Amino acid sequence: ETGVTQTPRHLVMGMTNKKSLKCEQHLGHNAMYWYKQSAKKPLELMFVYNFKEQTENNSVPSRFSPECPNSSHLFLHLHTLQPEDSALYLCASSQDYGGAGYTFGSGTRLTVV
Amino acid sequence: DQQVKQNSPSLSVQEGRISILNCDYTNSMFDYFLWYKKYPAEGPTFLISISSIKDKNEDGRFTVFLNKSAKHLSLHIVPSQPGDSAVYFCAASTVGSQGNLIFGKGTKLSVKP
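Chains L and E, in that order, give the protein sequences. For what it's worth, the working numbering labels the leading residue of the first sequence as 1, then goes sequentially. For what it's worth, the working numbering labels the leading residue of the second sequence as 114, then goes sequentially.
Calculated from the structure, these hints are not laboratory results. Wrong hints could be hidden among the right ones.
As the list claims (entries may be wrong) - Heads up, simulated PhoX-like pairs for lysine-lysine below, C-alpha to C-alpha not over 20 angstroms straight-line:
#	chain 1	residue 1	chain 2	residue 2
1	L	40	E	221
2	E	167	E	184
3	L	41	E	218
4	E	118	L	40
5	E	167	L	40
6	E	118	L	41
7	E	184	E	169
8	L	22	L	52
9	E	218	E	184
10	E	218	E	167
11	E	167	L	41
12	E	118	E	218
Bear in mind that the values here come from a model prediction, so they are computed numbers and not experimental data.
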């Protein structure tokens, strides 16, 4: 399998649940990203990992917790989310940190009820 | 304050005609600009990019124009095809910096047969 793969594609969770989003890239890239896409808003950068080290956390609430066990895998752990957290969560990777184009996954459509 | 602005949320064009999608930016430090295309239920895919040392880059039916003095770029698609119907995101970055891609809100293009 090639590219950036995200699972699950859809997730419905209650506000007291704990769930995790998974992202895997088979491109040999060194940097991975989590983005959030809400309706009528730009794509918002949440977290950046470069060579497995977190290099950026854009003031994301602690109910979102990222994990990057190796440069091919990225997780987003979710707990006690709010309905306003419902959005499309996109994972991306790039050869190097910052700058030139990213490869995105298809996203996880999250609904918090 | 949004650094990358796509002021037209939608655009409708007849097949065979030219589509022009516009993007404005406020940060004069941006020196690399990209366009991404997104179909429903898929992640954004890279379309075309331009460095600030150029004012035009062409790839088949797609041409991106950059006007640095006006902090404006545009994507021209000619001739437009129904398969071009998608959401187009403009993104900007400062290559090699700690910055990452900053996205606009997107413009939904509909190409009618």
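*asked:* Tell me if the straight-line CA distance from residue 22 of chain L to residue 52 of chain L falls inside 20 angstroms.
replied: With a Cα-Cα distance of about 15 angstroms, the restraint between residue 22 of chain L and residue 52 of chain L holds, given a limit of 20 angstroms.
*Within a Cα-Cα threshold of 20 angstroms, do residue 167 of chain E and residue 41 of chain L meet the stated pairing?*
This hinted pair is violated, its Cα atoms lying about 29 angstroms apart.
*Mind checking the alpha carbons of residue 41 of chain L and residue 218 of chain E for me, to see if they're no more than 20 angstroms apart?*
With a Cα-Cα distance of about 5 angstroms, the restraint between residue 41 of chain L and residue 218 of chain E holds, given a limit of 20 angstroms.
*Going straight from one Cα to the other, do residue 118 of chain E and residue 40 of chain L come out at no more than 20 angstroms?*
Holds - the C-alpha atoms of residue 40 of chain L and residue 118 of chain E are around 12 angstroms apart, at most 20 angstroms.
*Hint consistency between residue 118 of chain E and residue 41 of chain L [alpha-carbon to alpha-carbon, up to 20 angstroms]*: The hint holds at about 11 angstroms.
*Restraint status (C-alpha distance of residue 40 of chain L to residue 221 of chain E at most 20 angstroms)*: Cα-Cα ~11 angstroms, so holds.
*Please work out if residue 167 of chain E and residue 40 of chain L have their alpha carbons no farther apart than 20 angstroms.*
31 angstroms, violated
*Is residue 218 of chain E close enough to residue 184 of chain E, meaning Cα to Cα at most 20 angstroms?*
17 angstroms, holds
*Measure nothing beyond the straight line between the CA atoms of residue 118 of chain E and residue 218 of chain E; if it is 20 angstroms or shorter, mark the hint as holding.*
Distance of about 7 angstroms is within 20 angstroms: holds.
*Going straight from one Cα to the other, do residue 184 of chain E and residue 169 of chain E come out at no more than 20 angstroms?*
14 angstroms, holds
*Are residue 167 of chain E and residue 184 of chain E close enough, with their CA atoms no more than 20 angstroms apart?*
13 angstroms, holds
*Restraint check for residue 218 of chain E with residue 167 of chain E, where alpha carbons must lie at most 20 angstroms apart*: Judged against 20 angstroms, a Cα distance of about 24 angstroms means the pair is violated.
Hints 5, 10, 11, counting from the list given before, are not met by this structure.
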